[in-house]
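From first to last, the protein sequence lines stand for chains L and G.
What the first sequence shows, in the UniProt record's numbering, is residues 1 to 191, in sequence order.
What the second sequence shows, in the UniProt record's numbering, is residues 1 to 168, in sequence order.
Watch out, some of these pointers could steer you wrong.
[Claimed, not checked] Residues of chain G clear of chain L, computed beta-carbon distances all greater than 10 Å:
no. : residue
1   : Q3
2   : G7
3   : E8
4   : A14
5   : P51
6   : K52
7   : V53
8   : D55
9   : A57
10  : P58
11  : R68
12  : T99
13  : G139
14  : G143
15  : T144
16  : R157
[Unchecked claim] With beta-carbon atoms standing in for the labels, derived distance ranges:
no. : chain 1 : residue 1 : chain 2 : residue 2 : range
17  : G       : R72       : L       : E44       : 51 to 57 Å
18  : G       : G139      : L       : R60       : 38 to 44 Å
19  : G       : A98       : L       : A63       : 29 to 35 Å
20  : L       : T52       : G       : G139      : 32 to 38 Å
21  : G       : R151      : L       : V69       : 48 to 54 Å
22  : L       : A68       : G       : E2        : 37 to 43 Å
Everything labelled a hint here was simulated from the structure, so no lab data went into it.
Idealized CB from N, CA, C, for every residue including glycine.
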Amino acid sequence: MDHMEHLTPDGADHLDRPDHFERQLTLLMHGTREQSPFDARRRERLRAGVRTHRRVRAARRAAGSVLAVAGLGLGLFLWPHGHTEDRPSAPRPRPASSPTSVPDAPSSPPVSPSAPPTVPATSLSAPPDEGPATSEPPITSGSSATTGYRPPTATATAGSPDTGTTPPAGARVSETAVASDDRSSPAGPNG
Amino acid sequence: MEQTRAGEYDAFVAARWSVLFHLARLLTGGDRHRAEDLLQESLVKLWFVWPKVADEAPEAYVRKVLARAAARSARRRWWGERPVAELPETAAAGDMSATVAERSRLEAALAQLTPRQRAAVVLRYYQDLPDRQVAQTLGCPVGTARSHAARGVARLRRLLADVIEPVG
Chain L
1 MDHMEHLTPD GADHLDRPDH FERQLTLLMH GTREQSPFDA RRRERLRAGV
51 RTHRRVRAAR RAAGSVLAVA GLGLGLFLWP HGHTEDRPSA PRPRPASSPT
101 SVPDAPSSPP VSPSAPPTVP ATSLSAPPDE GPATSEPPIT SGSSATTGYR
151 PPTATATAGS PDTGTTPPAG ARVSETAVAS DDRSSPAGPN G
Chain G
1 MEQTRAGEYD AFVAARWSVL FHLARLLTGG DRHRAEDLLQ ESLVKLWFVW
51 PKVADEAPEA YVRKVLARAA ARSARRRWWG ERPVAELPET AAAGDMSATV
101 AERSRLEAAL AQLTPRQRAA VVLRYYQDLP DRQVAQTLGC PVGTARSHAA
151 RGVARLRRLL ADVIEPVG
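Construct the entire structure; sequences and hints are all you get.
Below you can see the structure in the form of structure tokens.
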């Protein structure tokens, strides 16, 4: 059993005492080896396998690169939209003060169009050359330049300048503001 | 550089082909075509790691790849191993030499083992590896490898009782 003698130093943990069957099995496995040379056909087949494996690896690498670029592009495409739309908007401007306190506070001009009587004054004092396209001008009787912008009823009553039925826009806003102030006051007639 | 690598690789394969092919045949239970496919896959993998393992242990690398691939591929359905109660073929006297008859009987008996048992038995009794290296090659604990080998040998005792006669 020369064959078993060279086994024992390394395989002492399992081959220290092989029985007869194990020794015969070892000999049988070694003795039945068939000589099969590495011929040209096998060599060519092995090289073809290497080439195929190399192509598969290159294809996998290319596919991985394409996927990475596509993912990066998709991320960059989605990133700015999400950033701008998710940003919270600034709070709406609020009136500097309540409408009833505006006359007492001349230093703070109102910002909201629903305020205060100083807004019509501004629009009334606007220069005439701004024209009716930008703001509704005050109605002046006898002015032919503004008759085209008036409603037909205003034209019919244009002959009486003192009893004009169409007040200026600023005046209407001012009256509305005052009326709303009167309605909102708790000391109203109804209430 | 590439030529040198290819030359060393070809020399290794040419020198060890016969041993590795016999190992593959034992690991597959005598299936010649499957053994050739397994050895081809293992040698292709060896080509891509050749610069790393050429100076160390290329045969150990091939052995590990072969054993693990045999155990893994044997679980695939299309290999279709079905254990039977009796050996499907017996050596007919006169039409084959004694060596071929013994090899056929051995391979038929190995085919009756589970893939893990077969791999453990082959690595232990053909490759002469200790239990620790068998476990390392198969990627399992030492106790598991020892158990696989012991059960495989116990089954081979029954299957090869008429080939390996007990000592009287």
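Original post:
Which numbered conditions among the earlier hints are violated in the structure presented, ordered from lowest to highest?
Top reply: 4, 12, 16, 17, 18, 19, 20, 22
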